[in-house]
Amino acid sequence: MSDELRHGYWRSLAELLGAAGLREDALREFPPGVDGPPTGMSRRAFMKLLGASAALAGLGACTRAPEEKILPYGRQTPELTPGIPLHYATSMVVGGYATGLLVESHEGRPTKVEGNPEHPASLGAAGVYEQASVLQLYDPYRARSAREGRTRKRWEDFARALGTMPGAQTGGTGSGLHFLLRPTSSPLTATLIRRVRERYPEAQFHFYAPFDGRTGPVSSLALLGDALVAQHDFSRARVVLALDSDFMGSGPFSLRYARDFAARRHSGISRMSGAGPGPGMNRLYAVEGMWSPTGTLADHRLRVRAGDVAAVAAALLREVITLRGGSAGAGAAHVQGALEPIASGAPAPRRWVDAVARDLVDTAGSGIVIAGYDQTEAVHAIALALNAVLGNTGRTVWYSASPIFEHGEASHDLAPLVDAMRAGEVQTLVIAGGNPAYDAPADLDFTQALKSVPHTAYVGMYENETAAACRWFAPESHYLESWGDARAYDGTVSLIQPLIAPLYDTRTVDELLAVFAGPDRAGGTSAHSMLRESWRDRAGGIFEEREWEETVGRGLAPDTQLERRTPSLRWSALAPLLESARLTGGIDIVFERDPRVYDGSFANNAWLQELPDPITKVTWDNAAVMSPATATKLNVGTGDVVTLSLRGRELSAPAFVLPGHADDAITLRLGYGRDGAEEVARGVGVNGYQLRTRGAPHVDGPVKVERVLAGGSAERHELATTQMHWRLQGRAIIRQATIEEYRRDPDFTGAQSTQQPSLYESYDYTKGDQWAMTVDLSKCTGCGACVVACQAENNVPVVGREGVLNSREMHWLRIDRYFTGQEDEPEAVMQPMLCQHCEKAPCEYVCPVNATVHSSDGLNEMVYNRCVGTRFCSNNCPYKVRRFNWFDYNREIAETVQMVKNPDVTVRERGVMEKCSFCVQRIRRAQIAAQLDGRDVKDGEVVTACQQACPTRAIIFGSYTDPDSDIVRSLLEKRSYTVLHELGTAPRVRYLARITNPNPALEGEA
Amino acid sequence: MASLFTRRATTRLRLAIVLAIAAMVGVPLFLMGWVRTPLERGEFQHISQPVPFSHQIHVSGLRIDCRYCHYTVERAASAGMPSTATCVPCHKQVWLDGSWFAPVRQSLASGTPIQWNRVNQLPGFVYFDHAIHVNKGVGCESCHGRVDTMTTAVQVEPLTMGWCLDCHRQPAEHLRPVAQMTAMGWQPPAGRSRTALGRELMQRYHVRRMTDCTDCHR
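Those protein sequences? They're chains A and B, same order as listed. Mapping the first sequence onto the working numbering, position 716 (from 1) lands on 716, and the numbers just tick up by one. Mapping the second sequence onto the working numbering, position 129 (from 1) lands on 10129, and the numbers just tick up by one.
Wrong hints could be hidden among the right ones.
[Claimed, not checked] No farther apart than 25 Å at their CA atoms in a straight line, the calculated lysine to any residue pairs in the SDA-like style are these: (1) A:Lys938 with A:Ile928; (2) A:Lys69 with B:Asp10129; (3) A:Lys69 with B:Val10154; (4) A:Lys901 with B:Val10126; (5) A:Lys767 with A:Ser856; (6) A:Lys938 with B:Cys10216; (7) B:Lys10136 with A:Lys633; (8) A:Lys901 with B:Ser10003; (9) B:Lys10136 with A:Ser856; (10) A:Lys938 with B:Val10027; (11) A:Lys69 with B:Arg10209; (12) A:Lys633 with A:His717; (13) A:Lys69 with B:Cys10216; (14) A:Lys69 with B:Cys10164; (15) B:Lys10136 with B:Gln10045; (16) A:Lys938 with B:Val10154.
[Claimed, not checked] Non-contacting residues of chain A with respect to chain B, defined by C-beta distances greater than 12 Å in every case (computed): (17) Ala222; (18) Ser529; (19) Pro628; (20) Glu839; (21) Arg866; (22) Arg908.
I should point out that these hints are in silico values taken from the structure, not numbers from a laboratory. Glycine included, every Cβ here is placed at the ideal spot set by N, Cα and C.
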């Protein structure tokens, strides 16, 4: 191990171990290949283009700019002023649950998605899927028209054809008619399903999604007597135990949970800077195999395989029941025997179990135990029991009916449908949304079963694998083109309002169901009229136009949360559920949702494909992720292709070695390896669904792992990671302390706040607005919402896998992930890194054409029209945040994709440098608005795109000349420091040191 | 031995060298001069429009305020091109069935825009905001000239960065009371110099010298 890094932070194993070659690379300013000529183009062609462009560049001066037309409206819409964007409330549904959004619209063209501050699932934040969804709207590979076989048809033809299919004829009973839908929480869809069932009593509905969270309701059905889902209030939780739960990074309500958790964390830390220590800071224990954003924030993270989480949970439950003694209740004592066999094998140190159990008991009533959304019934049952024993139920945890229609019921099981298909009982199968031919369990062989159905119809956004297997296909509308409704995780009814008329001949799932529910069998019923009708029915037949308008305007119906329920626990039901908890030998394989493409439904979104994975930093790929110990045992390294064999099925995938991953387990993210008509997604990564079976959707094993040999040497697949670029060389870029250390020495970053001597003359930065930003490392989960938000707001181009391999990615804001501590039990720290807007900016001194200069309000400005592309600035930037346009990434994009561009930001062309501008277009807009009102810009009026998206509010932005502002309070926190302070660059971005709250009883352990 | 090259060849060579040098110096000089001519910038260039709209008749003849048609100028970046429907209330009485009005009638019937040709054009990387300029006392005339005398609208100023900066560095010379924003041929009251009044207005309207790059380039 290299000495300099022994106690410091390291970014990858190769760096920690001082791999040969890395040292040399580190001395180079740019990674090799970054300035190479374009591949796939001959030198001759390159020279020809070069010559032509030089000649044209000269001629450009002799001609006037191309003539432009002005196209005023024929009839002006009253609320619209050209040039002033409007925001409309709508909701996006992911995994069946709605998140409220405000979408920015420029003259009727949605360009940017933001959170709806009023909506309980958002509170103003928006995650990566929401942020990137606007690109999906304009995706040129979306399906555009209906078809039968290979013949193009219109929607009306499709609707008519549906009406003639067996079982669906008018007056029929619906025998042989089956529907396969995504799990839905929409009250409107539920109404339509009921109406179809009334009309066709024998028609059957099935629901399938590869990640449906059924285990929660199923376990509560046994334990509580009803299929319920757990609801949590993290703002009141002092101790949180996450059992393989990424409650802050993914899953329903994660934006809200992240906000509540971070707010509690912050109030605990920031009270420090004032009067004295407060008891407010929460503590997070995470038990997980693969790193999750939540796990990176944990004060104590226990590294165990996903399959062993139940055992650890059982050990904790056993301990907690013992500690609670009589107050645990009579039933509790009886389950001790059932817990024993599982708990005794728990791969957790005795000391860890004791300390966590003690901590949970000490904070009984103000703690939360949360089970992973995709974890087994056993883990959900134990979490439920733990909350009951600890008295958390009714305080920080309660239950409600599931917002998902028939969640946990038999209709959510795909197997009966596939059996019926094989038995020839299904005459007509209508699939609405989803992609079962791709993501159904491998052992069901859905695609094969589909061949025995005589009449198949599919409605979806893409001509994907399922579309290819169905005779009839019709395109589905994007949510930004749809009317509809859905419930948030807490039950709040949220409205889906279109921002734009459908770009193609598309319809929504509700409109499809209306073909069957009638009265208009020709498919003419609009979702808008159905939605209004359903609202009239809800209000008992009275339709108040004004009330409706207001509800649509707000995007949600207030006070529609599902009823809080706290049924008592049936202890006797616990033991049978524990049977699914298993401890096996060999190597496990864990199937996870991807933090970027979800279950594959966002795979064609280039923004998400290029978003680095929060932990592995892999783009444009998935990998078989394993721990260093497992890799050593299997004799593989990162990039080696391995064959995974499980139950007679095989899959080859590149390995990725990740410190902190559980041993003897391989995590495979799903959603890749597509082969439909989605050009962006096709051929990216490997399809893990080929190994996933119905009985073991989350963890399976043992899996046989073998290296693939090609001609004597290992076959390799280069993974396009952003991880290896820009390494640390042992500098103290991250500062962190425990709350105890911070209490003792609040000034522990002290050296950072002194002024460095400078030869450059200083400028008076005390007048007017002076922009500054702070990033709180105690709150950053590394989820990546800010990265996508920045990409959408600032027209940041996508460079593709080749580009990332050559280190040409263009993200203005990246999230650096550092590991600290021991190699086998590391901690992870996330650090968003963007232009630091240095007051003494090294880039500015070296620009020969003054293309990067400083503004009087403290912005490091990049003037594209002056830049000649010498790249001196990037060479001289110590933070490596400047991005160079190696090619014309924007010249040949589809016409529809051009519509996503923000008109307030220049679209850059080849040969210019670019970087974070602090969202200067938003600053100037706010300044002009304030000046028109004859006032100063108010605190909170300028919100940068990254700040707006951040679920945990880790980013604060504002002018430090306003003494009563969040930014000043944040800058004055004692733990704030600047990165690379010793260089004297005087950055305007300050980081707040990461403060952790470890359990004193676990001192000396990770 | 006869010389290798004829006299004429030598002369030609000399001439060619002189011409080459002249071209090397002359062409850049010409181009540098050319970009500084009004012709290159499109000043005073006649641009035909689908409808022969005369600002002169509407402004100076009928005394219609600029803001009747360009109605977002005080609150938006764009001054606002009037929608076709704006023409109708007055023109219902006159001209609407004339042959000049064919594009207007067509636009009204179909709802499609009339395609006007842009007269004052800024490059795509410049973000100009009308609202802030007119609210700080820059009159329409300062950039668009005596529109009241134009039968067809023409560009009368260079619209170059140097021209913008002249005012951004020394705004006082170019300011007028906001109430006189749309006035054509406005002169400061007798006895007041433009500069003195401008200084006073700068104070009153909190006018700053806006010379940061990102004020216009984003």
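Hint-by-hint comparison with the structure:
no.	hint	result
1	A:Lys938 with A:Ile928	12 Å, holds
2	A:Lys69 with B:Asp10129	19 Å, holds
3	A:Lys69 with B:Val10154	15 Å, holds
4	A:Lys901 with B:Val10126	16 Å, holds
5	A:Lys767 with A:Ser856	9 Å, holds
6	A:Lys938 with B:Cys10216	22 Å, holds
7	B:Lys10136 with A:Lys633	73 Å, violated
8	A:Lys901 with B:Ser10003	70 Å, violated
9	B:Lys10136 with A:Ser856	20 Å, holds
10	A:Lys938 with B:Val10027	54 Å, violated
11	A:Lys69 with B:Arg10209	32 Å, violated
12	A:Lys633 with A:His717	20 Å, holds
13	A:Lys69 with B:Cys10216	22 Å, holds
14	A:Lys69 with B:Cys10164	23 Å, holds
15	B:Lys10136 with B:Gln10045	29 Å, violated
16	A:Lys938 with B:Val10154	41 Å, violated
17	Ala222	59 Å, holds
18	Ser529	24 Å, holds
19	Pro628	46 Å, holds
20	Glu839	15 Å, holds
21	Arg866	8 Å, violated
22	Arg908	9 Å, violated
The structure fails to meet hints 7, 8, 10, 11, 15, 16, 21 and 22 from the earlier list, while all remaining hints are met.
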